[in-house]
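Enquirer: Quick note, the sequences are listed as chains A and B, same order. For what it's worth, our numbering labels the leading residue of the first sequence as 1, then goes sequentially. For what it's worth, our numbering labels the leading residue of the second sequence as 1001, then goes sequentially.
Be a bit skeptical, because a hint or two may be false.
To be verified - Only part of the chain B face toward chain A is listed, based on derived beta-carbon distances under 7 Å:
1) 1007
2) 1010
3) 1025
4) 1028
5) 1189
6) 1190
7) 1195
Simulated from the structure, these hints should not be mistaken for laboratory data. Every residue, glycine too, gets a C-beta built ideally from N, C-alpha and C.
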Amino acid sequence: MQNGHLLELRQVTKRFGGVTAVNRCSLELAPGRIYGLIGPNGSGKTTLFNCITGLEPHDDGEIRYKGERIDGLRAHEVARRGIGRTFQIIRVFPELTALENLLVVTWGPFDEAHRRAQELLRFVTLDRLQNEYAGNLSYGQQKLLEFARILMTDPELILLDEPAAGVNRTLLNELLEAIRNLRAQGKTVFIVEHDMKVIMDLSERIFVLNYGEKIAEGPPGLIQSDERVIEAYFGR
Amino acid sequence: MTFVSLSRTKKTLLAGLVIGLILLAIYPMAATGYGIRFMLQLFMWVALAQSWNLISGLTGYVSFGHVAFFGTGAYAAAILIATHGWHWAPASSMGGIAAVVLALIIGYPCLRLKGPYFAIAMLGLNEVMRVLVSYFEGLTGGGLGLSLPTLYASVQIYYAAGLAAIAASVAAHLIITSRFGLRLMTIREDEVAAEAMGVNTARYKLYAFLISAFIPGVVGGLHARDQGYIEPISVFPLLTTITMIVMALFGGKGTVWGPVLGAVGLFCFQELVWARFLYLHQILFGAIIVFVVLLMPRGILGLVQQRYHLSRSL
Ligand SMILES: Nc1ncnc2c1ncn2[C@@H]1O[C@H](COP(=O)(O)OP(=O)(O)OP(=O)(O)O)[C@@H](O)[C@H]1O
Ligand SMILES: [Mg+2]
């Protein structure tokens, strides 16, 4: 691993026609920490995640994972290297059962996968619904299922796009607990979240995007009082 | 949730299946020529509906040109039989391989297309194949068609077609009950999420497409031998594709037994009504399509399966 970074972005740029969704964005993630990514609507957070995970080819810059270039790889290759993600808009497999949603993302021995899947379903309290189609689950349950599905692939870097949105308080607390648990296991978590309380509590370091550009970076305390951040969020 | 205790039901079904297969195996001894030809065609329909189900029912890539593989297999086998003196059994296998080769060539570009674009590309493929076959007269006899040496082999072809239907159904069972099959379904469910979860969707689609092309290729070869004569319009008709689709949809796409049920139901219906009321038959067939698409998009088995939380393989 080059200079100890798990993920390293150098001047990453992504344009959609005339819109520069991500503009020369550079950042580094060290292993075993929780990072936050915030910014107003349309500031390029989801697009940045899409570039990292290979779903959108970027136009410029470099992305390195464990010191190796991963830009140019296809999304499934990036995933198999250990980067997992959830989506801002839930993307479970609706006509697969909850259990199948987890089994399908595994490659190892079946029995072991099955055991792990049931363990994870218990963990997200969906064990009684394991044979239910994912599409029949409630919004919050689908969100939990998507979270469990990521864990099933056992990634080292986990990108969460607004995990708290639409999740009720009790569920949210469990989710936050689960995320902290991941960190305890040595995973790296990168979270996009609009709920400031959640992101400030959780993250050790926060990046702020505005119009695709990184305008600030630092620990939560400093970010909260950063002039440019306040301006980006509230205007002058 | 209503969980039906399956082990008992399953045993009964399995026993029924075995008895059914034994009956079908001895059927030719007692049957009339018509009966044998009827069953032989039914077997072919089961195999065709299963093959369509593998690509379209599982991955959601709706093929509107599946008969192209049937026609390609028919021509490949017919040419081998008529001009190279091959036995029809290996010739039909080569028909399957010819269809796979075609699928390999067109699969890569076509499977990048999404939704209706893939469906239309496949429709176009079928037209192209028909024109190509008509054009290369030296090889295929062009529009005049290709005649095979006379041979009375209905009973053997009955068994071969039965074997094709069984093989296609066993393949469907193995695929649908495996993680490979689940991965194919993730492509139907959400291709982007499947990629992001590490599924090489391009490769999986291609695998499904190749398997799905092989079966109609073989069946096309058997059909050529059975008919003794083929021409471009007889082995590349759009109606054949539509019939496979309707059978799979009616029975329940994405399930193991749906295509079997659909093929048996619709083919028997067709034969019963066809003989008596030619026009009524077409109207009814059209009505079934509309009915299925509007009211039963999951098909009969899809409904039952959802209602009772049964697995896709029963
Ligand atoms: N596929 C696309 N085609 C064209 N423009 C796009 C596409 N995806 C994103 N954009 C544009 O890129 C910009 C950044 O969008 P993005 O979704 O990354 O923002 P975001 O920070 O995730 O916003 P939000 O907080 O609302 O989720 C927006 O202007 C958006 O319109
Ligand atoms: Mg977003």
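Enquirer: If a hint holds in the structure, say so; if it does not, say that too.
Expert: Taking the hints in turn, this is what the structure says about them:
1. 1007: Residue 1007/B check fails; min Cβ-Cβ to chain A is 16 Å, beyond 7 Å.
2. 1010: The hint is violated - residue 1010/B has no Cβ within 7 Å of chain A, the shortest such distance being about 16 Å.
3. 1025: Result: violated, 34 Å to nearest chain A Cβ.
4. 1028: violated, 40 Å
5. 1189: Status holds, d = 4 Å.
6. 1190: holds, 5 Å
7. 1195: holds, 4 Å
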